[in-house]
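Visitor: Sequence:
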Amino acid sequence: MPNGCCKKCIPRNETRIPCSTIPVTKDISDAGCKGTITTNYCSGSCGTFAMYSAEAQALDHKCSCCQEERTRQQEVVLSCPDGSSRNHTYTHIESCLCQDTACEPVRARRAAPSRARHSGSQALRPGRG
Numbered sequence: 001m002p003n004g005c006c007k008k009c010i011p012r013n014e015t016r017i018p019c020s021t022i023p024v025t026k027d028i029s030d031a032g033c034k035g036t037i038t039t040n041y042c043s044g045s046c047g048t049f050a051m052y053s054a055e056a057q058a059l060d061h062k063c064s065c066c067q068e069e070r071t072r073q074q075e076v077v078l079s080c081p082d083g084s085s086r087n088h089t090y091t092h093i094e095s096c097l098c099q100d101t102a103c104e105p106v107r108a109r110r111a112a113p114s115r116a117r118h119s120g121s122q123a124l125r126p127g128r129g
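For the sequence shown, position 46 (counting from the first letter as 1) is numbered 46 according to our numbering, and the numbering increases by one without interruption.
Bear in mind the hints are in silico, worked out from the structure with no lab data behind them. Honestly, I wouldn't trust all of these hints.
[As the list claims (entries may be wrong)] Per label pair, the in silico range of CB-to-CB distance:
(1) Gln73 to Thr101: 23 to 33 Å
(2) Lys26 to Ala50: 27 to 37 Å
(3) Ala31 to Gln73: 17 to 27 Å
(4) Lys34 to Lys62: 37 to 47 Å
(5) Thr25 to Glu69: 18 to 28 Å
(6) Ser29 to Ala54: 52 to 62 Å
(7) Arg72 to Ala31: 16 to 26 Å
(8) Glu75 to Tyr52: 48 to 58 Å
(9) Cys80 to Asp60: 49 to 59 Å
(10) Asp27 to Phe49: 34 to 44 Å
Heads up, the beta-carbon is just placed ideally off N, CA and C, and yes, glycines get one too.
Could you build the full structure based on these sequences and the hints that come with them?
Guide: This is the structure in structure tokens:
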């Protein structure tokens, strides 16, 4: 089932890690000048699910993405091939959190026709016309 962010699930065998910042070192370049930064990215579990609801007689979805909560502009000095230096500004992630997103239906697969069809059910399904 898609997860609202990436539109696909990748099964993991490890324990679920909550949404958090993960430090990463990256090489960057700008106009031929190069440097290395240590910044963060957001990663982790946000409790996305699809579950049958007897009350609604349909699937209930909750889609949530691990995304940036707070960022700041940070500056790094890059070294250029001619010996000069150049300032470069990038966005540094300070914190992450789970943010609700709209769940999008899977279009690659079609479910088998349901026996319990209601005449107004098409109006309740987003993305169908």
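Visitor: Compare the structure with each hint and give your call.
Guide: Going through the hints against the structure:
1. Gln73 to Thr101: 23 to 33 Å: holds (25 Å)
2. Lys26 to Ala50: 27 to 37 Å: Since lysine 26 and alanine 50 have Cβ atoms about 35 Å apart, the given range 27 to 37 Å holds.
3. Ala31 to Gln73: 17 to 27 Å: holds (18 Å)
4. Lys34 to Lys62: 37 to 47 Å: At 43 Å between Cβs, range holds.
5. Thr25 to Glu69: 18 to 28 Å: holds (22 Å)
6. Ser29 to Ala54: 52 to 62 Å: At 56 Å between Cβs, range holds.
7. Arg72 to Ala31: 16 to 26 Å: holds (23 Å)
8. Glu75 to Tyr52: 48 to 58 Å: holds (51 Å)
9. Cys80 to Asp60: 49 to 59 Å: For cysteine 80 and aspartate 60 the Cβ distance comes to about 55 Å; the hint holds.
10. Asp27 to Phe49: 34 to 44 Å: The hint (34 to 44 Å, Cβ to Cβ) holds, given that aspartate 27 and phenylalanine 49 are roughly 38 Å apart.
In summary, this structure violates none of the numbered hints.
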